[in-house]
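One line per chain: the protein sequences are X, W, H and Y, in this order.
For the first sequence, our numbering begins at 106 and goes up steadily by one.
For the second sequence, our numbering begins at 106 and goes up steadily by one.
For the third sequence, our numbering begins at 106 and goes up steadily by one.
For the fourth sequence, our numbering begins at 106 and goes up steadily by one.
Hints are computed from structural coordinates only; laboratory data are not their basis.
Be a bit skeptical, because a hint or two may be false.
A pair counts as met if it fits within one copy or between any two copies, since identical chains are not told apart.
[As the list claims (entries may be wrong)] Under the rule of at most 25 Å between Cα atoms (straight-line distance), these lysine-lysine pairs were calculated in the PhoX-like manner:
no.: 1; residue 1: Lys-138; residue 2: Lys-223
no.: 2; residue 1: Lys-223; residue 2: Lys-209
no.: 3; residue 1: Lys-209; residue 2: Lys-138
Being a predicted model, the structure only gives us computed values, none of them experimental.
There are 4 protein chains.
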Amino acid sequence: MTTTLTPEILSALEQQAVEVPSWAYGNSGTRFKVFTTAGTPRDPFEKIADAAQVHRHTGLAPVVALHIPWDRVDDYAALRDFASEQGVAIGTINSNTFQDDDYKFGALTHEDDRIRRKAIDHHLECIDVMDRTGSRDLKIWLAEGSNYPGQSDLRARQDRLQDSLQTIYARLSDEQRLVLEYKFFEPAFYHTDVPDWGTSYAQVAALGDRAMVCLDTGHHAPGTNIEFIVMQLLRLGKLGSFDFNSRFYADDDLIVGAADPFQLFRILVEVIRGGGLNHPDVTFMLDQCHNVEAKIPGQIRSVLNVQEMTARALLLDGEALAAARSDNDVLAANEIFMDAFYTDVRPALAAWRESRGLPADPMRAYARSGYQQRIEADRVGGTQASWGA
Amino acid sequence: MTTTLTPEILSALEQQAVEVPSWAYGNSGTRFKVFTTAGTPRDPFEKIADAAQVHRHTGLAPVVALHIPWDRVDDYAALRDFASEQGVAIGTINSNTFQDDDYKFGALTHEDDRIRRKAIDHHLECIDVMDRTGSRDLKIWLAEGSNYPGQSDLRARQDRLQDSLQTIYARLSDEQRLVLEYKFFEPAFYHTDVPDWGTSYAQVAALGDRAMVCLDTGHHAPGTNIEFIVMQLLRLGKLGSFDFNSRFYADDDLIVGAADPFQLFRILVEVIRGGGLNHPDVTFMLDQCHNVEAKIPGQIRSVLNVQEMTARALLLDGEALAAARSDNDVLAANEIFMDAFYTDVRPALAAWRESRGLPADPMRAYARSGYQQRIEADRVGGTQASWGA
Amino acid sequence: MTTTLTPEILSALEQQAVEVPSWAYGNSGTRFKVFTTAGTPRDPFEKIADAAQVHRHTGLAPVVALHIPWDRVDDYAALRDFASEQGVAIGTINSNTFQDDDYKFGALTHEDDRIRRKAIDHHLECIDVMDRTGSRDLKIWLAEGSNYPGQSDLRARQDRLQDSLQTIYARLSDEQRLVLEYKFFEPAFYHTDVPDWGTSYAQVAALGDRAMVCLDTGHHAPGTNIEFIVMQLLRLGKLGSFDFNSRFYADDDLIVGAADPFQLFRILVEVIRGGGLNHPDVTFMLDQCHNVEAKIPGQIRSVLNVQEMTARALLLDGEALAAARSDNDVLAANEIFMDAFYTDVRPALAAWRESRGLPADPMRAYARSGYQQRIEADRVGGTQASWGA
Amino acid sequence: MTTTLTPEILSALEQQAVEVPSWAYGNSGTRFKVFTTAGTPRDPFEKIADAAQVHRHTGLAPVVALHIPWDRVDDYAALRDFASEQGVAIGTINSNTFQDDDYKFGALTHEDDRIRRKAIDHHLECIDVMDRTGSRDLKIWLAEGSNYPGQSDLRARQDRLQDSLQTIYARLSDEQRLVLEYKFFEPAFYHTDVPDWGTSYAQVAALGDRAMVCLDTGHHAPGTNIEFIVMQLLRLGKLGSFDFNSRFYADDDLIVGAADPFQLFRILVEVIRGGGLNHPDVTFMLDQCHNVEAKIPGQIRSVLNVQEMTARALLLDGEALAAARSDNDVLAANEIFMDAFYTDVRPALAAWRESRGLPADPMRAYARSGYQQRIEADRVGGTQASWGA
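The shape of chain X in the complex, shown without the other chains (with noise of 0.2 Å):
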């Protein structure tokens, strides 16, 4: 039985984009190791010819998101060209307030004005880079927390936020946005400054219209229906982006849809039920990092899997399922729409992105390609990029 996508899916899913992280392409690891692969970048432009290579196998992944201070350069309009060159554009840019001994107890919401000056400043050089490099967003994940109770206060932390955000939102254009990321926990232990959706969502309906959520897939406390707040999220107008990874227990950045392939068709269903897919206001990227696994094949691994699970999600039959629905047939509801999580789409995707002049099988087009070799014995000497630098 061969599956049929049909021209409305395969449209959609020729509009797909995800936007690839930089910093996926540089060494990471646990607080207890960094392993190190031969090949890795030493520098921005290094970590965007990798990226490329993601885009020209799979047609996929046209955006790079930067990191800043990580994918600092003195010419961003030399990066934007070279980006262009490669056939990729540069699309979100991350800040970065978790690294600078300042920070250790807090940026955005330091009690020292110092220091949340200096958090503030490092959010407007980010919009800075924006301006030079024609990316939309600002996206803000906020490493900032406690360890211990009594450690901080809660409360003006919070008041304190708002007032930083304020400042930072006033600089953005119109055509500029800024998304909130939140996070269950890591790196403070005890409380996070924004851990919840609830809480980005108050934070940014307080800033104005262009303020909007970051909802990370491997962000929540387990057992969280995670579909459920993509659905809320679209359905009060503040989805504005999404970080794709999974976890088993904690954040570990893994492959999307390698831990919980259903969570991702799930989320996917409501993605497009809420009318998010390919829909301006939501940004698919990815948020990961490859501890074990080879970086590029890794990241082509991942939007592979994101166009799969939406190429299954698009064939979810609504009428079918809207009868079953009202008939209250729970058995029936539930098989129509694992019928469309069991489909097997993989063939069917194979021969349309060779219809496409892409290749039917991205990551052993990768393997043949030579780049990997390439760069193996190219990237010789220097530092190579990691989280630290």
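Assemble the complex: chain X is given as a structure, and chains W, H and Y must be docked to it using the hints.
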């Protein structure tokens, strides 16, 4: 070393009142078994009589919450007068849309307008009861959701919920409020229509000023920082009430403070810091049941736990804490915090209780009162109250 | 692309048998409400008749597990003969020491020797039933524990449990087995006497070779790697049976594979790798209940889920996987693993089913059979079976 | 009301000793950032000097655990003598097979015999160190596992692990022990080779009498009843040591008792009830790190927390508790239990400390001692110790 409770602390404790739930005096259990006990009330009058014992021995529980239909009576004025004679008042009215066969697939969210209207009408009946009992708050715990992916349209249910709540809210008088409870899971197992504080907040914010969030301390994912949510809801002006209880893993309505006393301390610290203690906006209520322990003593222990922990939280030295925080002295701040928690306030509270004509040891006083023996002898025949009736 | 199931795979699938629980055909629910449905059995004979339908349409469910006292009858030989006429056999006997008032504070662990002896005697009665029905396995789910710290002596209970089990084990014939289930929580909320596989293992290892562990897939903390436990118990020679079901957050007896199909796949991969598939040591059983969905179709769906996922697990290319692992090629190994999972085995299974005289689509075949209409018409009056009786 | 600590309690407290980890005095952090602090030791001698301060002010920490290779020195006899001069001894030797590039895919479980042999040899080296330092215990935390389903052969790794441990165990002298730690997750994210107490128990039971389990209080799934495991391991005679620390959600090495003091109390109650307090079989050790708080005071606070909670646990009135349990008086039993927990033992401990020539307030005494200022002034230049070296 004798702990001294300052006049300010004693004054705050003197104002403290905890609503007790009528259903705590009836039988309850798990899906596997409801064990019965001698002396269990057979009707709302007997429940109120039992609740009055809790107040008599503690001075802490002057209000009894009712649950409709479990506490339906022909003459609510008579019930109110009876309560008054017993020295207590009738408080929050809790609705119930989870025990009628019609509600198998939803109530305020149901796709079928007839059933949804029935559920709305039930709430209007509850408001009628409020009018007659003088209750201020209508509390809605939405036991709705679905068990299987695909079974329900999450988004449509959310919209219907808002529509239903609008109708109910419109019926309230200017002095009455609606409080919407959220719950992480149960009795639905896949999705719950109001699973988190963010959803409850978004729903009540769309209603108006007299719609608030109810925070049940047992209704969160493991690892959730509940005191953070307390802080946030107070900050947003939307914390309407507490349902106090505790749990180790799943919702089990254990005695407040029994599972994690330090968590209760942290919650009360945030209540005080956010101005929520003895504030008319924030009702303190128990939502517990006593499956294996004695019921009236179980309630006495519960209100005492709230009182003792409030006393500890009031002992927190805010000035010293602010200084340690400003110094970023994590250990000093934590020590000041823990010092309040570890202080044994029980002897001072016992003495203060006696000074007000209350028993030093309410548990022993109740045991000696003969009340338990009396109700066990008197309440023979009839049907013991439980969640079913 | 049509999936081909090899003769080896089909042979393995042909041997597969899943025990169904008699209680799945009765009513069940949560502590809040048990919804009833038309056609529900009134006695064990009707339950067996229903279970036989599952086997008739799937060829997968030739054995029915009983629960004592819920399935107590005067004449077990008659029940066995009736089952035989219906084309099924009687399987595991499940004991119940959680619904008698005497067991409020324990049964096989109770401090009071009288009650403990009563609980032991109940198990001896279960072995009598086994003798008469020809059952091999006695399954003990220990619903015992405590709700509050301090309530019980954890250690003494553990010792008494071993003593009780020794007495029960001594009564088994050489062909009979004892399987001890573990459960993370519920119905006790603070401590459970057999909360994890380690405890069950330590208890049964002290009994002897015919005492084994029962792994209920829904009885673990969130984030637990269940397939690891499957591997370990097979390695230790102590995996006696599975209770299949699924859950999102708490134990809720959802249809196996419904919450996390990929987890079921991983479990079955380990079963096959460890030699547990179609091995006499390892009984496959469902332990589910159907609170909101139709019961007989719910069971049909469940056994089909086990069959389909077993087929996927059998498709795993072990040689290719071993090679990728030896190369430490994480992505290749994972892709080989996922390839089996994502293969759509349903069409091939439908064709194979038809080739054996079974319906291609058992769900539709049951719906068309008229059985449901017949039992709804016939089973009027009497008391519907549920956990209570 | 002054708490009186009986002579029996004081005698038990006098014998109490807590091993401190050398790595607590070095820098540590998260995968995002390691913040540094002035005065941090540069070598194992300076770590021991710092550890000795903890003992000097508390009388509680006479032993320092080492970590190899972090604490490798040329002359272990010199290190031992230095420790002795400082008033402390060298304790548990902790191995490390997670920071060499060879161990990326396993160490004691690795498929490649060369790497597995290297990991075994590292442990033999550790035993050499034990011989020279007079240490009794070799502690193995197995940081091994995999990140993606399919990546590894769970069963083969388990068998190789047993084989590796056999080789290591065979090298121990009759006075030496091997303790095997388990950990729920991290640094591997999909599977961990020793994830639970059952696996550690099965592995060490197969080794022999001098192989024991190490229970790290932070290494369990949320909701796990840790004191139950303490009870079970003591019952099985296999509790070899504690790694004390605490965590809110994930493993984060917070100060013991900081996250859930009541849990620490319950654990210590089971230690005492099971005969594990001050028993040579059961080593009390801290395994913590101090990311944002001061290190030496962080350790002082930690050992005091253990002491204070032990005192509370020793206050538990066992006779009264047994009587309440026999009566099935849940509330009385819980009240007796909580009474010990809520008793403020700090003033009595301070007085007792002074009577023994120790500071009443070790935190203040350390602050006033000038030691911190001295090391901050002296330890300039060199490389601060951290997990990396």
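Here is what the structure says about each hint:
For a Cα distance limit of 25 Å, the shortest separation of Lys-138 from Lys-223 across copies, 18 Å, qualifies, whereas the shortest one inside one copy, 30 Å, does not. For a Cα distance limit of 25 Å, the shortest separation of Lys-223 from Lys-209 inside one copy, 13 Å, qualifies, whereas the shortest one across copies, 38 Å, does not. Both within a single protomer and between protomers do Lys-209 and Lys-138 lie at most 25 Å apart by alpha-carbon distance, with minima of 21 Å and 9 Å respectively.
Checked against the numbered hints given earlier, the structure satisfies every one of them.
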